[in-house]
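Q: What follows is the residue order along each chain.
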Amino acid sequence: MAAVRTSSEITFNRVAIVAVLLVTIIFLAPIYWIASTAFKPRNLATTIPPTVVFQPEISPFVKLFTKRSQLRSPPSPEEYAAAPWWERVVFNGGEKIVRDGKGQVQWSGYPSRFMNSLIVAITSTVLAVGMGTFTAYGFSRFKVKGEADLLFFILSTRMLPPVVVAIPMFLMYRAVGLNDSHVGLIILYTAFNLSFSVWLMKGFMDEIPKEYEEAALVDGYTRMEAFFKIVLPEAATGIAATAVFCFITAWNEYAFALIMTSRRAQTAPPFIPSQVGAGLPDWTVIAAGTFLFLLPVAIFTFLLRNHLLRGMSFGAIRK
Amino acid sequence: MTQIELRGVQKFFGAVQVIKDLNLKIDDNEFIVLLGQSGCGKTTTLRAVAGLETIDGGDILIDGKPVQHLKAADRDIAMVFQSFSLYPHMSVYENIAFPLRATRKSKAEIDSEVRSVAKTLQISDLLAKKPSALSGGDMQRVAIGRALVRRPKAMLMDEPIGALDAKLREEMRAEIKRLHIKQGSTSIYVTHDQIEAMSLADRIVIMHEGVLQQVGSPDEVYSHPANLFVAQFVGSPVMNVADASVTEKASSASVTVGDAAAGFEFPRTLLSKLNGHAGGQLALGIRPEGVLVRREAAEGFLPVETQIVEPLGSFDIVDLKVGSKMLRARTKSGFIGGPGERVFVRIDPSQAHFFDTASGKSLGVRL
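Sequence lines, in order, name chains A and B.
For the first sequence, position 249 (counting from the first letter as 1) is numbered 249 according to our numbering, and the numbering increases by one without interruption.
For the second sequence, position 64 (counting from the first letter as 1) is numbered 64 according to our numbering, and the numbering increases by one without interruption.
Careful: at least some of the hints might be erroneous.
Unchecked claim - No more than 27 Å apart at the CA atoms, straight line, and that leaves these computed lysine-lysine pairs for DSS-like:
id	chain 1	residue 1	chain 2	residue 2
1	A	K67	A	K102
2	A	K210	B	K153
3	A	K210	B	K71
4	B	K167	B	K177
Keep in mind the hints are simulated off the structure, nothing from the lab.
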């Protein structure tokens with residue numbers, strides 16, 4: 001790795017590095033904004049010019065997870081002293097945590113929405129990638145009559161912006177009682193992702209030499225055994241890449257979640273902005289919700305980043 | 001003890017018939033090499049025996065039992081692929097143990113068998129490695145080990161050393177032969193390399209466009225090719241083939257190549273052996289070593305001019321102009337200085353082959 005470089009190339013390299021840094025900063029700025037707002041005291045969240053240096057607080061997250069109401073009068077010193085630290089930070093903001101008759105803390109709507117997001121995104125990803133892998137294997141290994149047409153048909157489900165069918169879908173879902181249900185959203189997201197999953201996995205399957213399975217067949221295994229013992233481990237990279245893309249799509253989906261769900265199965269994306277409308281919005285709480293919502297995708301993507309890179313560039317180089 | 005028999009095997013890919021009525025009987029412990037150009041149907045034949053390809057007609061029998069409807073897994077046959085097909089996510093040990101894990105053998109049994117095969121192939125120190133860390137030759141050994149470990153009824157090899165470089169290929173060729181002599185299992189080996197075929201085979205099966213051309217020992221195939229295709233496919237450098245006409249002389253026969261002015265002298269018995277083919281539709285085939293070259297004129301030698309000299313190290317190949325035809329001769333290296341020299345040439349009648357140009361078949365003339 002010591003190819004000769006001219007001075008102009010070195011200069012160009014430096015300029016390129018600066019450009020890349022600039023673009024990175026531009027892209028990361030909104031994330032910084034959300035992350036910093038999530039830890040700000042409420043009164044510093046909306047200052048102009050923005051406050052950059054501040055004492056970080058955990059109170060937005062406490063508020064995010066609990067039901068609160070405005071304090072009419074400040075709490076008595078005993079009440080304040082008896083309260084746990086997380087209740088005090090709410091008192092400090094001029095609010096109190098709502099408790100039921102037995103004194104149990106009332107949760108806000110956020111944790112259940114977050115769980116819904118996890119359930120729907122993970123289940124639909126597993127289904128889409130699983131079915132996609134089998135379908136792709138079939139198309140890749142067997143002579144399927146009208147293969148090109150079928151694959152095109154599968155792809156054609158992505159040629160329409162999904163929102164176009166939102167109203168008919170809503171009516172159909174209401175008719176069969178699937179609206180505001182986990183199953184409904186899971187079916188929907190699986191269907192969205194399936195075509196993508198089939199096509200991406202087909203590319204990966206085509207890359208796995210047929211001889212591996214043939215060797216296994218000759219070695220005394222059935223095709224199913226060969227698939228699970230040989231093909232699946234070989235396709236792991238592709239499965240990981242496909243899973244990341246499917247998960248991100250399902251996790252971030254907003255429009256259908258907004259239309260199809262209202263409470264029981266509502267996911268985080270439609271829930272978070274719904275909190276903006278209620279009175280004077282507490283931006284720190286919304287930022288905290290958004291920040292937490294970012295984390296699973298960020299972690300998932302980070303863990304699988306190497307596979308992802310290969311997934312995006314697969315087929316670009318002929319072996 | 002395994003015999004394999006192919007009876008009238010037919011195979012189509014769409015409208016193209018890739019195997020045409022193939023009949024072949026392979027004896028126990030025999031090493032058979034299927035030789036032919038790419039696309040001649042040799043690999044398809046091998047895959048059909050393995051059970052990776054269905055056949056459209058005929059029977060494949062292993063030990064007298066038809067197996068064409070059996071799955072690959074149920075035929076008890078092992079195969080070595082050109083690409084080796086070692087499972088990349090498994091260690092060498094796991095690769096070799098893989099076929100055994102399909103059986104109901106105990107862990108201890110599997111372990112001892114893997115280790116004994118590894119010892120035979122001298123790869124014991126590689127067992128923990130992943131295939132990607134191996135050299136081509138070692139991958140090959142592991143692939144053979146994986147095939148041997150199950151003690152299959154037969155070993156099938158599809159150009160197993162085709163992907164290796166020349167030197168390694170020679171080594172592995174010798175190793176495969178040694179292994180076959182030691183283990184002695186019925187083997188079918190596919191290659192397009194006639195040197196591999198000659199050096200390994202008990203019998204060579206030459207195929208062309210899905211049709212079996214000749215079956216015979218390497219010596220038979222080389223010395224007595226059944227037709228023009230075999231004659232020109234087997235042997236390097238390639239056999240000279242030219243249209244020829246035979247005329248009767250007082251005490252001999254004269255074979256004229258193409259439009260040459262004079263003919264080569266042959267024994268008079270040639271005429272009777274040709275049995276009426278002396279006129280048209282006759283081709284003379286002669287390997288370069290059957291073209292005898294002298295620097296001085298002698299009885300029965302024709303004067304010719306040298307054209308190109310190809311030095312090949314241990315010998316030279318010299319192009320000689322006979323009429324409008326080119327005859328390639330094999331000479332000692334350095335025997336001919338260069339193009340344009342005048343030398344004297346004759347054809348060794350005992351190495352000459354005569355073919356019917358219409359059918360391409362050898363006339364079976366042996367002088």
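Q: When the structure is checked against the list of hints, which entries are broken? Sort them ascending.
A: none
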